[in-house]
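The whole structure should be built from the sequences, with the hints applied where relevant.
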Amino acid sequence: MREAAISIPTEVVAQPAVELEGITKRFPGVVANRDIRLMVRRGHVHAIVGENGAGKSTLMKILYGMQRPDEGVIKINGDPVAFRSPEGAITAGIGMVHQHFMLADNLTVLENVVLGSEPRKGGIAIDFRAARKKIKEISDAYGLGIEPDMLVEELGVGARQRVEILKVLFRGARILILDEPTAVLVPQEVEELFDNLRVLVGQGLTIIFISHKLDEVLSVADAITVIRRGETVAEVDPSAVTARQLAELMVGSELPSPETRDSTVTDVVALSVEGLTVRAPDGRAAVDQVAFTIHKGEVLGIAGVEGNGQAELVEAIMGMRPADGTIHLADADISSWSTLRRREGGIGYIPEDRHRHGLLLEAPLWENRILGHQTRRPNAKGPWIDRAGARGDTERIAREYDVRTPGIDVDAAALSGGNQQKLIVGREMSGDPVVLIASHPTRGVDVGAQAAIWDHLRAARADGLAVLLVSADLDELIGLSDTLKVILRGRIVADVDPSAVTPEQLGSAMTGAGEES
Amino acid sequence: MSPAAGGFLDRVSGRVKLTGWLSLAAPLLAILFAAVITAVVLLITGNAPFATFALMAEYGVQPRSLVLTLNFATTYYLAGLAVAIGFRMNLFNIGVDGQYRLAALLAAAVGGTVALPGPLLIVVVVLVGVLVGALWAGIVGLLKATRGVSEVISSIMLNAIATGVGAWLLTPALLAVPVAGSNNIGTRPIPESAHFPGFALIPGTTVKVFGFIVVAILMGIAYHVLLTRTVFGFDLRATGRSESAAVASGVNVKKMVLATMLISGAVAGMVGMPQLLGASYSYSLDFPAGLGFTGIAIALLGRNHPVGIAVGALLWSFLDNSSNILDLEGIPKEIVIIMQGTIVLSVIVAYELVHRYRMAAEQRRVSRELTGGTGGSGGAGGTATPEGAVSR
Ligand SMILES: Nc1ncnc2c1ncn2[C@@H]1O[C@H](COP(=O)(O)OP(=O)(O)OP(=O)(O)O)[C@@H](O)[C@H]1O
Ligand SMILES: [Mg+2]
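Heads up: the protein sequence lines correspond to chains F and R, in order.
For the first sequence, our numbering begins at 1 and goes up steadily by one.
For the second sequence, our numbering begins at 1 and goes up steadily by one.
In case anyone wonders, no lab produced these hints; they're calculated from the structure.
Subject to a maximum C-alpha distance of 30 Å in a straight line, what follows is the list of computed DSSO-like cross-link-like pairs (lysine-lysine):
| no. | chain 1 | residue 1 | chain 2 | residue 2 |
| --- | --- | --- | --- | --- |
| 1 | F | K381 | R | K254 |
| 2 | F | K381 | R | K255 |
| 3 | F | K213 | F | K75 |
| 4 | F | K213 | F | K485 |
Far from chain F, some chain R residues (derived; all Cβ distances over 10 Å):
| no. | residue |
| --- | --- |
| 5 | I31 |
| 6 | V36 |
| 7 | I44 |
| 8 | F50 |
| 9 | G60 |
| 10 | G118 |
| 11 | L120 |
| 12 | I161 |
| 13 | A167 |
| 14 | H195 |
| 15 | L201 |
| 16 | A259 |
| 17 | H305 |
| 18 | V344 |
No residue lacks a Cβ here, since even glycine has one placed at the ideal position from N, Cα and C.
Structure, rendered in structure tokens:
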């Protein structure tokens with residue numbers, strides 16, 4: 001245990017907005033929270049850190065009324081409360097932005113904001129005019145820069161994140177819970193978000209913030225609580241610790257470094273893409289004449305602010321989206337192949353949105369092992385599913401990738417976000433892929449697991465795996481990539497040498513500021 | 001959007017499974033509840049509930065009623081399976097009704113006109129039924145796969161069209177001949193050599209159990225194997241659970257929609273066969289109608305599980321048959337329809353209650369084990385050990 005000096009008690013204003021006392025929550029086979037104590041002062045950004053499955057999301061869902069604690073007391077502004085549902089929490093001024101986005105793509109910002117918050121009882125007609133005005137006001141007041149009439153699917157992740165925040169502010173939240181809001185944001189967006197957060201706390205709001213990115217935590221938080229396997233193990237003052245110390249508190253290991261040592265790049269082409277163009281529904285080119293080649297043993301990194309065509313590029317390579325141009329897998333032209341055939345041809349796929357594209361949440365883990373590999377060993381023999389094979393291999397993945405689970409028969413929904421990610425990475429690295437399309441492969445995993453995944457990637461790369469790496473984590477991009485390309489508005493605008501570039505330079509290249517010729 | 005709501009819908013449609021005795025407790029509770037409601041209705045309408053139930057039970061277990069129960073259930077079971085296949089993929093095939101009627105009509109017409117040796121003719125008749133059912137459902141699948149037309153809308157329309165086409169075909173100018181000894185019309189009777197032999201399974205009555213019951217049982221087994229043991233079944237269930245994840249995994253959803261509708265329709269095409277080949281031997285104006293809708297209720301009752309559907313079919317059929325006595329006693333037999341409706345509704349509620357009970361019980365069990373143990377982490381053999389788990 002470590003009790004770092006807390007410098008705040010002298011301030012009179014900072015009285016507790018949230019107090020959790022002795023919170024315990026059990027799930028079948030796991031104690032997610034055990035006698036947790038937490039005090040969050042008003043006007044603070046309070047960070048909660050801890051490894052995957054430590055119980056952070058569970059604790060926040062309890063505070064937000066989504067789950068009920070087995071034991072313990074919740075106090076808001078000093079008063080004990082017992083929420084039966086999120087509505088209760090919202091009434092008490094608590095809002096939550098979830099680890100996984102909960103916006104409807106095909107609706108506008110306005111509709112998304114209003115639909116979530118229009119009162120359940122009473123008036124049938126929704127006053128859109130008033131709502132639009134209020135959204136504008138909130139957006140201006142806190143500098144969120146949101147247009148109410150944009151379609152959500154047209155927004156990048158950073159903007160979606162702000163819509164989620166606006167949605168809770170719209171409902172009158174004074175206490176905001178942000179569960180891993182920065183997982184897919186690039187540094188500039190993170191900075192913008194933090195500026196927004198500072199404005200919010202400046203106006204007396206309270207923010208509880210969960211993240212695995214310890215540098216960010218240190219830069220934005222006023223106080224930090226460390227949770228380890230369901231228990232609070234330390235309260236630390238951000239000015240008194242380093243990221244390294246924080247990591248040690250969390251997982252008992254050092255901060256990982258994504259550094260790749262020797263180059264393993266060969267001159268055998270594994271995947272080549274020429275003139276790839278993907279059109280958005282409105283006819284605009286979301287991906288515009290993209291070309292690149294990845295050799296065996298090479299990691300090609302794609303750097304870019306989210307929403308500049310990365311998702312479309314990846315989905316076009318996977319055959320999930322129609323595209324013009326040609327794609328070659330080794331010597332074969334796979335442009336007209338189905339997704340299944342591409343996967344069978346040896347392309348592994350780690351999707352950016354694990355809930356939408358990576359998992360069957362209501363199916364057991366071993367069935368999730370089959371997903372995407374349903375025609376191949378060890379999951380299938382001809383037209384038959386090989387249960388024993390799939391189950392055995394799921395056990396192996398859980399072991400090798402440290403998926404923390406009570407067993408392989410639990411549903412994927414019961415795993416913590418980071419553990420779901422580890423399962424997917426393990427699955428896609430199985431069966432000796434020749435090419436791995438990895439979107440944010442370490443999204444939402446803790447520092448220890450991140451190091452382990454990097455190790456797996458490096459080992460596979462040394463064995464000749466070609467990787468297309470899309471990531472918002474610039475250290476990861478620079479450290480793992482052999483070649484680095486910058487994507488902006490659907491075009492490759494720059495080639496960068498990963499051994500010579502700093503995260504800052506890369507960051508400005510991504511926004512088009514430092515466009516190199 | 002809320003995860004809890006999604007979970008509830010999945011439980012309603014039976015995609016979340018219950019295990020052990022609880023899976024039995026839910027339907028039993030529901031039946032009990034339905035009985036209570038029915039009793040109340042009986043009381044209000046001035047009938048004695050217990051006497052009525054006793055009457056039905058007594059009549060229902062008579063040999064002849066039992067045979068009829070098995071025979072109806074055979075038909076209901078096939079209808080339930082046809083609907084359930086669609087349900088597992090989130091496809092709501094309301095069109096089973098039109099599919100089986102059109103299939104039975106054309107199969108009967110072929111059976112009455114084509115000259116073939118008996119067993120071969122049976123095979124041909126069934127095949128025609130299967131093909132017609134599949135094709136009629138295939139239209140729905142094709143419309144959805146190519147044009148995105150909701151299967152609910154198109155299958156309702158195709159039901160209406162099937163009724164029209166059936167009425168047009170079943171005229172003397174085309175397929176119909178007068179039925180001997182009545183003013184009914186129907187297709188030419190199927191020759192006796194091609195009657196599906198029944199079994200005298202239950203002593204004390206001359207009525208035979210449909211031989212087709214064997215086919216129905218085999219279809220149930222095939223359904224189970226297809227869904228849980230084959231890659232196709234995995235793809236089907238995956239699509240039903242999450243279409244986006246299925247697409248990313250390489251499933252061609254359009255093909256799956258078409259294939260599933262074809263299979264569902266093929267099974268629907270068999271729904272009329274037990275009756276056609278085991279009892280009426282021709283399709284006439286009084287051929288049983290509405291079985292497709294019964295199938296929907298039974299698939300819900302049985303939670304799309306092959307055994308559950310069988311139980312649902314037997315129960316439904318037992319109620320249908322035993323209610324025949326009520327008219328004789330001056331009690332409206334429609335009371336049974338109320339009962340059947342209540343059962344479906346309360347089964348849904350009961351499954352939800354049992355589900356919640358199970359969650360709570362499991363958590364209590366875990367906490368008991370954990371506090372009973374050393375109090376160390378991961379008591380129930382749960383969480384992986386952290387030490388050494390992180391590789392560097
Ligand atoms: N609905 C559920 N049913 C069963 N177990 C659950 C459920 N939700 C969470 N758990 C378990 O509770 C533990 C804590 O999970 P939680 O999601 O709170 O972790 P977390 O700290 O948010 O992790 P991450 O950083 O990976 O998001 C995990 O072991 C998880 O498997
Ligand atoms: Mg979490």
